[in-house]
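Student: Single-letter residue listing:
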Amino acid sequence: MKNTANLSIKPGASSIGRCLAYTMLLALFLSTSAQAQITSQDADGQSSILYQGSNINFDLGKAALSATWNNYRKSALDSPHILIWGLSASSKNKDGLSELFNQGKLTTLSRLDGFIGLRINGTKQELALNNRITALYRSAAIRDYIAALNYPTALPGWVNTSDAADRVELRDTLKAMMKHSAGFDKDLASLTELEARFKTAGRPAAAAAIQVVADSLTARQKKIAALQTDFLAAQHQIVSLNAELTEYRSNHVSHSWTIYLNGGWNANKFNFYSGDTTRPSLSARFDTVKFWGGFIDLGVNYDFGAHWTFGASIGYERYNNLDSFSTNDFDLETVSTVNNQELIQDTKYSAYTGHYVAYNRYNLKTDALYFGKVNDDYRYVWNVLYTRLIAPFGTSAIRSIWNAGSCITFYKSSGKFSGGIYVQSTDVFDHMGAGNSFGSRLSFGVVAKYSFQSIVDRLK
Amino acid sequence: MMTPKKKGLPRFITAARAAISTAGSPGAASARSTSAAAKAATLSAGATVAVTYTLKKTSDVTFMNLAIGFTPIDLAADQDPSDANTFTTKGSKKYTCLKEADGIQITCRANGKSGGSWTLTVQLDGTPLGDNPIEEETDGNGHLDHDKKHS
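Here the protein sequences come in this chain order: Z and R. 1 is the number of the first residue of the first sequence in this note's numbering; add one for each residue after it. 1 is the number of the first residue of the second sequence in this note's numbering; add one for each residue after it.
Where hints are given, some of them may not hold.
What the hints assert, rightly or not - Taking lysine-lysine pairs in the BS3-like style, the calculated list, with each CA pair at most 30 angstroms apart, reads:
id: 1; chain 1: Z; residue 1: K412; chain 2: Z; residue 2: K373
id: 2; chain 1: Z; residue 1: K175; chain 2: R; residue 2: K90
id: 3; chain 1: Z; residue 1: K124; chain 2: R; residue 2: K148
id: 4; chain 1: Z; residue 1: K223; chain 2: R; residue 2: K149
id: 5; chain 1: Z; residue 1: K223; chain 2: R; residue 2: K56
id: 6; chain 1: Z; residue 1: K222; chain 2: Z; residue 2: K186
id: 7; chain 1: Z; residue 1: K199; chain 2: Z; residue 2: K186
id: 8; chain 1: Z; residue 1: K74; chain 2: R; residue 2: K56
id: 9; chain 1: R; residue 1: K148; chain 2: R; residue 2: K94
id: 10; chain 1: Z; residue 1: K223; chain 2: R; residue 2: K148
id: 11; chain 1: Z; residue 1: K373; chain 2: R; residue 2: K56
id: 12; chain 1: Z; residue 1: K412; chain 2: R; residue 2: K56
id: 13; chain 1: R; residue 1: K148; chain 2: R; residue 2: K56
id: 14; chain 1: Z; residue 1: K186; chain 2: R; residue 2: K94
id: 15; chain 1: Z; residue 1: K373; chain 2: R; residue 2: K149
id: 16; chain 1: R; residue 1: K90; chain 2: R; residue 2: K56
id: 17; chain 1: Z; residue 1: K222; chain 2: Z; residue 2: K175
id: 18; chain 1: R; residue 1: K148; chain 2: Z; residue 2: K186
id: 19; chain 1: R; residue 1: K149; chain 2: Z; residue 2: K124
Derived by calculation from the structure, the hints in this document are not laboratory data. Computed from a predicted structure; not experimentally measured.
Input sequences plus hints: build the corresponding full structure.
Tutor: Set out below in structure tokens:
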């Protein structure tokens with residue numbers, strides 16, 4: 001009796017060149033890192049279901065489920081300081097849901113992120129002027145006057161007590177006055193005319209009722225007259241402060257600062273083929289690896305005028321190189337031979353292969369965005385120059401790398417992303433030692449989804 | 001002999017004319033509102049209107065303030081719960097605003113990026129404003145300001 005074990009790797013599982021591996025690592029990093037409101041890790045969310053103020057994105061292709069809670073809606077309104085925060089949790093099968101259903105491959109990726117930021121708006125002069133105008137709108141001088149302008153809405157009881165022709169006529173006249181005043185003078189003139197007609201017709205009760213209405217309108221007019229001086233003064237002040245603010249704003253561009261802290265944890269769990277020949281059996285060469293990583297970024301954004309937003313962030317991250325691996329399918333055959341008969345037991349494994357490294361790194365990111373308008377339907381955001389420095393420390397297996405590029409993305413005027421193009425060098429200073437020319441390290445392509453990494457995105 | 005029409009006049013017409021002349025008299029107005037007092041005749045024709053509105057913006061736009069007919073609009077309260085970029089008077093809510101003879105003053109201050117815009121539609125006592133929709137786009141300074149009378 002003999003036992004043999006054959007380990008075969010199926011076609012399609014080839015080793016990947018280190019350069020390509022790092023490119024992929026970068027590409028994945030770019031596509032999955034923080035975007036909308038910094039926290040939404042599901043950069044590929046194809047559909048968005050809004051539920052109780054939280055966004056739940058579910059993309060079958062990427063098998064990602066994420067939830068984002070934030071108070072970003074508050075930034076629709078300017079105030080001197082806005083505190084913005086957000087929390088995002090996501091979990092997905094790295095290999096996609098279809099792979100999970102078809103192949104049973106499960107490589108979980110979970111993330112929990114949060115950010116807190118402070119946006120500081122405008123100039124002191126501008127805000128002071130705006131506050132003075134707002135205070136005037138709310139002042140008693142304005143509010144009491146506008147309240148006094150309201151015509152009384154209740155008709156004197158007498159006019160409601162009968163459908164006699166004279167009362168209906170009076171009722172209609174008074175209702176018309178309440179609905180839309182043609183001015184005190186005209187209203188009073190029409191009441192006077194009506195009263196005269198009733199008196200001539202020998203209807204003193206009706207004439208007296210009109211007198212009551214006229215008295216009430218006169219009292220109201222006296223109240224308005226008493227309030228009018230203050231109102232006119234306040235209104236005049238509002239008009240001149242508004243003119244002053246318009247003048248100021250025509251000579252100054254808008255600007256704001258945002259300072260934020262963005263942090264999170266991520267975890268993955270996956271099968272790994274170690275290739276360790278010292279292990280007692282072939283099946284013992286498969287490990288289940290659990291990885292816990294995390295990151296923290298400190299960033300600043302400067303919004304300047306109609307066109308520019310600048311952003312920079314510095315951060316620390318615990319990362320692994322899982323993204324550069326490929327999955328392989330293994331068949332482990334155990335053959336038992338007894339009396340010229342062979343029994344073949346086939347065990348299937350799906351595992352990652354490669355040189356696995358978990359390491360620490362610094363991330364430095366800068367962006368310079370230019371906002372522009374194409375036409376009434378489309379606008380664009382040109383990330384004129386972005387740079388990403390990824391600097392590992394405590395390991396020699398991963399080299400530091402500078403990634404720089406330029407990217408133009410187009411949006412529908414409503415803000416919906418519609419695509420873009422980019423050109424970038426994944427290794428500006430050839431730290432990977434590819435040895436080829438700068439030009440050959442350039443890549444360009446079409447953007448399906450993009451995030452401005454060091455910038456709190458304002459188009460989502 | 002007095003006509004019936006004139007017979008009915010004296011008491012309230014006199015009182016009312018007195019009220020109006022008080023409002024318009026230079027003595028009653030303070031020095032700083034001289035030009036405003038000159039508008040008294042126009043303003044006395046002003047009336048209140050019940051205003052409802054819908055305001056939509058692109059996501060990059062932030063509002064500093066919106067006032068319709070000298071009434072500040074509470075944008076924070078009117079923001080749509082499911083769409084942060086839409087503001088509207090909800091349910092039976094109405095703003096009591098001043099409509100002057102030459103129209104209703106609409107003032108808005110907003111900041112945004114190139115290509116950004118806002119659109120406002122207003123109803124006065126349920127009737128759409130003739131100038132609807134009122135729109136602004138981001139200017140060269142990153143502003144989308146508006147300060148005009150509409151009817």
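Student: Provide an ascending list of the numbers of those earlier hints which the structure does not satisfy.
Tutor: Violated hint: only 5; rest satisfied.
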